[in-house]
Amino acid sequence: NAGVTQTPKFQVLKTGQSMTLQCAQDMNHEYMSWYRQDPGMGLRLIHYSVGAGITDQGEVPNGYNVSRSTTEDFPLRLLSAAPSQTSVYFCASSYGTSVEQFFGPGTRLTVL
Amino acid sequence: GEDVEQSLFLSVREGDSSVINCTYTDSSSTYLYWYKQEPGAGLQLLTYIFSNMDMKQDQRLTVLLNKKDKHLSLRIADTQTGDSAIYFCAESGFSSNTGKLIFGQGTTLQVKP
Numbered sequence: 001n002a003g004v005t006q007t008p009k010f011q012v013l014k015t016g017q018s019m020t021l022q023c024a025q026d027m028n029h030e031y032m033s034w035y036r037q038d039p040g041m042g043l044r045l046i047h048y049s050v051g052a053g054i055t056d057q058g059e060v061p062n063g064y065n066v067s068r069s070t071t072e073d074f075p076l077r078l079l080s081a082a083p084s085q086t087s088v089y090f091c092a093s094s095y096g097t098s099v100e101q102f103f104g105p106g107t108r109l110t111v112l
Numbered sequence: 001g002e003d004v005e006q007s008l009f010l011s012v013r014e015g016d017s018s019v020i021n022c023t024y025t026d027s028s029s030t031y032l033y034w035y036k037q038e039p040g041a042g043l044q045l046l047t048y049i050f051s052n053m054d055m056k057q058d059q060r061l062t063v064l065l066n067k068k069d070k071h072l073s074l075r076i077a078d079t080q081t082g083d084s085a086i087y088f089c090a091e092s093g094f095s096s097n098t099g100k101l102i103f104g105q106g107t108t109l110q111v112k113p
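For the record, the sequence lines run as chains A and B.
For the first sequence, my numbering gives the first residue as 1, with consecutive numbering after it.
For the second sequence, my numbering gives the first residue as 1, with consecutive numbering after it.
Check the hints yourself; a few may be wrong.
Unchecked claim - List time: in silico SDA-like cross-link candidates among lysine to any residue, alpha-carbon distance up to 20 Å:
#: 1; chain 1: B; residue 1: Lys36; chain 2: A; residue 2: Gly3
#: 2; chain 1: B; residue 1: Lys36; chain 2: A; residue 2: Tyr64
#: 3; chain 1: A; residue 1: Lys9; chain 2: A; residue 2: Tyr64
Calculated from the structure, these hints are not laboratory results.
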């Protein structure tokens with residue numbers, strides 16, 4: 001198993017550009033989440049999904065869209081990037097009632 | 001709302017014990033977690049404790065839970081330089097697992113040789 005994979009590892013955008021951060025897992029996990037990590041603030045939940053076709057907002061959803069058309073993939077879209085979205089983004093997945101969430105290696109995004 | 005608080009920094013000498021503390025607000029949390037993040041890496045689950053337990057021991061790690069004070073601690077015995085990392089406390093915000101975790105700010109543990 002590859003576990004949770006994220007692409008790209010690094011990205012630099014200009015203000016107003018759009019892009020999609022990719023997340024995939026091969027563990028047949030139902031639950032997938034996106035977090036952003038900022039210095040001194042820990043990880044904050046952006047969006048999450050409890051299964052294909054079902055998504056919901058987390059703590060900081062503004063400026064981000066998600067969709068879950070398959071169990072494996074959970075892309076995060078930035079429609080119009082802003083400098084405030086400069087952060088490290090982590091995708092995570094878990095199975096049903098499992099207590100453990102598996103995290104991807106992260107995408108470091110800089111918006112100029 | 002749900003909130004998790006941690007101190008930001010802890011420095012210890014190699015061989016000493018480290019104690020990282022965390023407070024949380026959501027009394028309905030089912031599980032409380034400790035994650036470790038090494039530089040440039042994602043998060044790795046270290047250990048967790050079910051909310052009806054007071055203590056859990058796993059090799060060098062001891063987790064203590066005080067439900068009355070909503071206080072969680074992680075003790076690392078015989079701390080090694082390889083334990084240097086950021087440690088995150090987290091709670092499951094709901095009694096059913098939806099994949100949502102509420103994280104603290106993270107405690108940077110520095111282990112001096």
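ask   = Would the pair Lys36/B and Gly3/A pass a check requiring their Cα atoms to be no farther apart than 20 Å?
value = Within the cut-off at roughly 18 Å; holds.
inquiry  = Need the status of pair Lys36/B, Tyr64/A: alpha-carbon distance at most 20 Å?
reply    = 27 Å, violated
ask   = Taking only the CA atoms, is the gap from Lys9/A to Tyr64/A under or equal to 20 Å?
value = 18 Å, holds
Of the hints listed earlier, the one the structure fails to meet is number 2.
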